[in-house]
Amino acid sequence: SDSPRETPHAVGDPTEVALVVVAAKQGLTKPELDALLPRVGEVPFDSERKRMTTVHRLNFSDGEAPADVSREVLRRVRQPLAELNAADGVAFLKGATDAVLDCCQYVWEDSGPRTLDDSRLEQIRTANDELAAGGMRVLAVAFRPVDDIQASPFDESVESEMIFIGLLGMLDPPRAEVEEAVARCRTAGIRPVMITGDHPLTAMHIARSLGIADDREAMTGRELTEMGVADLEPVVGDVSVYARVAPKDKLHIVRALQNQGHIVAMTGDGVNDAPALKQSHIGVAMGKIGTDVSKEAAQMVLLDDNFATIVNAVEEGRIVYDNIRKFVKYTMTSNAGEVAVMLLGPLFGMPLPLLPLQILWINLVTDGLPGLALAVEPAERGTMNRPPHPPREHIFDRRMAVDIVWIGLLMGVVSLAMGYFQWQTDAESTRQWRTLVFTVLTLSQMGNALAIRTSTDSLFRVGLLSN
40 SDSPRETPHA
50 VGDPTEVALV
60 VVAAKQGLTK
70 PELDALLPRV
80 GEVPFDSERK
90 RMTTVHRLNF
100 SDGEAPADVS
110 REVLRRVRQP
120 LAELNAADGV
130 AFLKGATDAV
140 LDCCQYVWED
150 SGPRTLDDSR
160 LEQIRTANDE
170 LAAGGMRVLA
180 VAFRPVDDIQ
190 ASPFDESVES
200 EMIFIGLLGM
210 LDPPRAEVEE
220 AVARCRTAGI
230 RPVMITGDHP
240 LTAMHIARSL
250 GIADDREAMT
260 GRELTEMGVA
270 DLEPVVGDVS
280 VYARVAPKDK
290 LHIVRALQNQ
300 GHIVAMTGDG
310 VNDAPALKQS
320 HIGVAMGKIG
330 TDVSKEAAQM
340 VLLDDNFATI
350 VNAVEEGRIV
360 YDNIRKFVKY
370 TMTSNAGEVA
380 VMLLGPLFGM
390 PLPLLPLQIL
400 WINLVTDGLP
410 GLALAVEPAE
420 RGTMNRPPHP
430 PREHIFDRRM
440 AVDIVWIGLL
450 MGVVSLAMGY
460 FQWQTDAEST
470 RQWRTLVFTV
480 LTLSQMGNAL
490 AIRTSTDSLF
500 RVGLLSN
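Residues in the sequence shown are numbered from 40 upward in steps of one, following the numbering used here.
If you are wondering where the hints come from, they were derived from the structure by calculation, not from laboratory data. Quick reminder that beta carbons are idealized off the backbone N, C-alpha and C, glycines included. Treat the hints loosely; a few may be bogus.
Claimed, not checked - The calculated DMTMM-like cross-link candidates involving lysine to aspartate or glutamate, where the alpha carbons are at most 25 Å apart (straight line), are:
# : residue 1 : residue 2
1 : Lys334    : Asp85
2 : Lys89     : Asp331
3 : Lys327    : Glu354
4 : Lys317    : Glu262
5 : Lys327    : Glu216
As the list claims (entries may be wrong) - What follows is a list of derived Cβ distance ranges for each label pair:
# : residue 1 : residue 2 : range
6 : Glu355    : Pro430    : 16 to 22 Å
7 : Val367    : Val56     : 47 to 53 Å
8 : Arg431    : Val359    : 17 to 23 Å
Generate coordinates for the entire structure from the input sequences, incorporating the hints supplied.
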């Protein structure tokens, strides 16, 4: 921060930020570490390897360090490297515990490096499971001296004979609103599924706390690979948590769900998520931390990276869908009423019920303005308490067609009936009976607009002035 009054803060990937912060709290700030150990190469992280390695040059000698580095930080960095006779550089490895242990031959203890035997491996794995069972994201860390940086290849060969340092447990709790959003999904007939690269115990702890999963175990990426897509389809509807999965596994899960007839919305933020985002019916990318590739592959981008926003979007989509149906139903019933009046009147020997100017007035005022109001009708009670509409259901379905016919006929018959009595009383006064038909039809359409506003509650519960 440029201002001394502002509190320094880290920006970037949450896991990397957590590492920077915890080191700073122990007196090891990133600028000082960068000055002592400038990075000269790396073996980048990928979802298959589940680990990454960085190679650093030792920028100190004989106890001398750059001017902006404290002697205490120099001592703490130099001591373990001096015990290993590191003269040129050092390589640091971090990643998933199993992936890191595969590269380790030693473990660092108070007295220095010791052989990583079976008993120590068991202790490390037990500690890893305990942290994961508590809902923590666990990161293993290891290092090794590099004798000649210039001759050292920056590939996986540098990850051999590593010295295991320890485990870092990071608690990344879901946002407070996510639990409520998951509950709303379930009442709306939507089944949330968690797909993560985290440890199965971590995934299950978080899934249970959010109400995503019950007591069933998570399915791992290894199990998915062994099963294949064909074997996955029969059970994909019963699994709510997938852990330690690779990007290709996400694609298999999406395809298996689609083959079972499900409509799939998939979230993702990385380059490797793009195939699954593209394959899903609705790909949802993260706007803040998402890559450009994932955003291009997705159909929707979350500007706030919040799962609850997806649920709000579902609700808004249902409101729009309902309002379109209301608008169509109102417009068609109004037109059906007008057609009924114009056909049945002369059929029963009455004069022309409506003049062209009256029909135009009805279409512009009585049809248009209430129709626009119905298009912005607020959500009905229980919008998120019903299952989704079937994928093949049309907006103009059979039930709506029946309603349009009988409501239109009802409005037409009532309007003509009222006009008929006036016509029988004074057959010579065509203007009066035509005015009565026009008035009754207009009022009928206005009443129909109020009735169409809600299909679950009474109009009095909704409120006449709520829209």
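Okay, the hints, checked on the actual structure:
1. Lys334 x Asp85: Holds, at about 19 Å.
2. Lys89 x Asp331: holds, 22 Å
3. Lys327 x Glu354: holds, 23 Å
4. Lys317 x Glu262: It holds: about 24 Å lies between the C-alpha atoms, which stays within 25 Å.
5. Lys327 x Glu216: Holds, because 18 Å separates the two Cα atoms, which is no more than 25 Å.
6. Glu355 x Pro430: 16 to 22 Å: holds, 19 Å
7. Val367 x Val56: 47 to 53 Å: holds, 51 Å
8. Arg431 x Val359: 17 to 23 Å: Because 19 Å falls inside the window, the suggested range holds.
When each numbered hint is compared with the structure, no violation occurs for any of them.
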